[in-house]
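So the protein lines, in turn, are chains A and B.
Under the numbering used here, read the first sequence as residues 1 to 248, first letter to last.
Under the numbering used here, read the second sequence as residues 1001 to 1068, first letter to last.
Hint data in this document are derived by calculation from the structure and do not stem from the laboratory.
Careful, some of the hints might be misleading.
[To be verified] From the structure, some residues in chain B lie toward chain A, with a derived Cβ separation under 10 Å:
#1 F1015
#2 L1018
#3 I1019
#4 Y1031
#5 F1036
#6 F1039
#7 Q1048
#8 L1051
#9 P1052
#10 G1053
#11 I1055
[Stated by the list, open to error] Where chain B lies over chain A, by a calculated footprint (3+ residues, C-beta under 8 Å):
#12 180-190
#13 200-213
[What the hints assert, rightly or not] Looking from chain B toward chain A, a few residues come up when the C-beta cut is under 7 Å (computed):
#14 I1004
#15 T1006
#16 A1007
#17 G1009
#18 R1012
#19 S1022
#20 F1026
#21 A1029
#22 A1032
#23 G1033
#24 L1038
#25 I1047
Computed from a prediction, not measured in an experiment: that's the story for all the values here.
Using N, Cα and C, we set each Cβ at its ideal position, and we do this for glycine too.
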Amino acid sequence: MFTTGVHGWLYAAVGCYGIAWGLFGCHRHGWGRIALAVGFLLQSLYLIGRGWLGDVFLPNPIMEGPFVLPWCLALIVLVRSMLRPDSRLGGLTALVVVFSLFSMFNTKGMIPPTPKKLTVWAMLFFLSESMAHALFYISAWVALLCLMGREPENRYFSWLAWGFVAYTVAQVTGAIWCFVGWGNTFSWGARHLGSAAIWTFFAASLHLPLIARWRSKSALMAIVGGLLVFYISYSGYLHEMQFSRVGG
Amino acid sequence: MKSIWTAIGDIRVAFVLLIAASATLFTGALYAGSNFSLFHELNRHRIQDWLPGQIYHRGVADPAVGGR
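Excised from the complex, chain B in its bound form (with noise of 0.2 Å):
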């Protein structure tokens, strides 16, 4: 447990996920540049409802990906 928690806390995970979040995070910004009203729809439904619906949409538009 404590060795858990050692790795964990070690500092060079801290530098990981922030690393890992700024590059989610240009990689997000580059896209929200070029898709407005996808990324616009974020800021009126919670993720785990727009997420699912992005899947769904994307199916149906594109049977090749298995939409119904």
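Okay, chain A solo, but in the shape it has when bound (with noise of 0.2 Å):
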């Protein structure tokens, strides 16, 4: 495909994301939006063309998470600017600049994938948790904000239960592709255990609102949160950073 191994779609990409966080900071919500879809555009083309690195074409590179997760927060905004188009979106637009610049620098080739990573389940399970990371970090942001009083207080939290859905969506079909490759639905290894307390952290930061002692301390709860998911998938990030890789 005529993006494959052509970075400058991706970097081009990045260049309108930026247009349209400053465009969002103008309040030029309508110029704004229309640079940022042209930057999905651009992304989106960049992401199908890393699907033929192999020359054959595997889904596997297209969801790795450093580059299809600012895709799952640009396309979380840009359907925001339609469905609301007087909300702000110049912190969302920074979210998506900031993961993106990240994919710029990160190594492009892609990761060899094993028989076991090629099936439905295994993309299911990747597309599912990025757009579950990027609900998480939209829900932080936000909550960042209902904390220094400039959005409404608990604005944050339905964009914390999205990510909690898509998150689960993500742990079962992940345990079946982890039953259909290695025969179990749980592994005792890193990677597993690290999923697990992000479930559990973000169920325990469901219950806090029902806590009327405690649910001033909710948007906090969904600011660490968003900091242990960076932490853990951005640690495994940097890792795969080290594997040999293939094109790009």
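Since each chain sits alone in its own frame, please combine them into the complex, following the hints.
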């Protein structure tokens, strides 16, 4: 494909996200939405191009966390900008830019997938997990704004709840993938334990607004949860940068 | 009996237990990253079989711990 291995498409997408951030900051919502949509289109083409890094199309390199996470964030912000054109999107677009910058500096080749990764369950797992991470980061950002008094109280909570739903879907699809590939639904390793730590943490966070005396700490929990997701996932991504890769 | 049932059914207990589970799992994730073979053994053994073996082997490896 014409975008395979041509990183200019990714850099142009990040540039468009940066422009969209600036335009949303200047309250030019219409132009900001157009810049965001163009960036999203360019990044989508780049991601599809990654599928041919091994000369044969494989969805695995498309679904790599550092690349698909900013795409998920951009999709959420784009849908939000269409459904609620007057909502403040500067901060959310900043998240897209920040996570896109990491994908710019990440190793571009693909990790050759083992036969165990060539199942639709693996793809569903990676996509739902990245979507959940995106929702958790947005929840943490909105919670920070709530604590600063710049957003109404509990505005972050629906992001948190949808993130938890997506993360639960990821855990189920991941368990099915694990069973298909390894014969167990759970494995004692850093990846599974980290995922379980995140799931239980957010399950606890969802209980907090139901406790009258502790309700005020709920926004703080959402921020800590976002940091927990960032630490666990990005320490994994940095580790994966040392793996041998093909193409890119 | 009713007060015990009310106490363990309190949503605060659920919250504390979930946070404790999360902290334990997170600590496990940190250790599993640097002790792959130790944790990988758990995929082949039950915890009640794995744990005594670890305690015994650690005792043998380090007499100061009190191994035989």
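Which of the listed hints are broken here?
-> 7, 8, 9, 10, 11, 14, 15, 16, 17, 24, 25
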